[in-house]
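Got chain S sorted already, so can you dock chain X onto it with the hints?
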Amino acid sequence: GIQVEQSPPDLILQEGANSTLRCNFSDSVNNLQWFHQNPWGQLINLFYIPSGTKQNGRLSATTVATERYSLLYISSSQTTDSGVYFCSNTNAGKSTFGDGTTLTVKP
Amino acid sequence: GAGVSQSPSNKVTEKGKDVELRCDPISGHTALYWYRQSLGQGLEFLIYFQGNSAPDKSGLPSDRFSAERTGGSVSTLTIQRTQQEDSAVYLCASRPGQGRFEQYFGPGTRLTVT
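Those protein sequence lines, which keep their order, are chains S and X.
The first sequence finishes on residue 107 if you use the numbering used here, and the numbering steps up by one all the way, no holes.
The second sequence finishes on residue 1114 if you use the numbering used here, and the numbering steps up by one all the way, no holes.
In case anyone wonders, no lab produced these hints; they're calculated from the structure.
Owing to the predicted nature of the structure, the values given are computational and were not obtained by experimental measurement.
The beta carbon of each residue, even a glycine, is placed where N, CA and C say it ideally should be.
None of the hints are false.
Chain X stretches covered by chain S per the calculated footprint, using a threshold of three residues with CB under 8 Å from any CB of chain S: (1) 1042-1056; (2) 1099-1108.
Estimated spans, in silico, between C-beta atoms of each pair: (3) S:Ser26 / X:Lys1017: 37 to 45 Å; (4) S:Asp99 / X:Thr1013: 24 to 32 Å; (5) S:Ala17 / X:Ser1009: 33 to 41 Å; (6) X:Asn1010 / S:Thr104: 25 to 33 Å; (7) S:Tyr73 / X:Glu1014: 41 to 49 Å; (8) S:Tyr73 / X:Gly1051: 30 to 38 Å; (9) X:Asn1052 / S:Ala17: 46 to 54 Å; (10) X:Arg1064 / S:Gly41: 19 to 27 Å; (11) S:Ser75 / X:Pro1061: 36 to 44 Å; (12) X:Val1012 / S:Lys94: 25 to 33 Å; (13) X:Arg1064 / S:Ala92: 24 to 32 Å.
Same shape as in the complex, but just chain S (with noise of 0.2 Å):
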């Protein structure tokens, strides 16, 4: 099935800098989600971007659908976006997800 990789594994940041997570598919990206698992276990959700670019808040996304990689972007970090970053996509139903990226943004 499809593979999905994420980087970096792990980031750590002082407030107020900027950061870039990368998602990598190995094979067609249809319908791509971002997701921030907080400390408490709550996936929410950040992007639908199955394609283009799209902005909300301090945090927008691209993807790249002919290239198979999607880029979350973070300006301006905040203590409370720290947690596990997660990308997904699906296909005929079924979800995959990448193992994530843990952020920790200190104050």
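Just chain X now, kept in the frame of chain S:
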């Protein structure tokens, strides 16, 4: 509106017992997923329901695992004869269907098998 809800939030059971985990999807969502997340790991797909179609059970790890979705709404994941390796957080998600693919997750059930 109400999000996806799951119950119980925590379950501790003895090895060999059966457990049932419940998921209430967002009203009107036609698709429902179950995932398993072990400590510090990613999400492992278990099963997928779409409308009245036969579910995709390809992710169920053994025949001790089963799931039902009644009336196109509430779903129950059943684990029979639980083993210690079944300990994990079980997450449910629903999505609208009708050409919309974004998934919305519940808070999960933390299962501990002693």
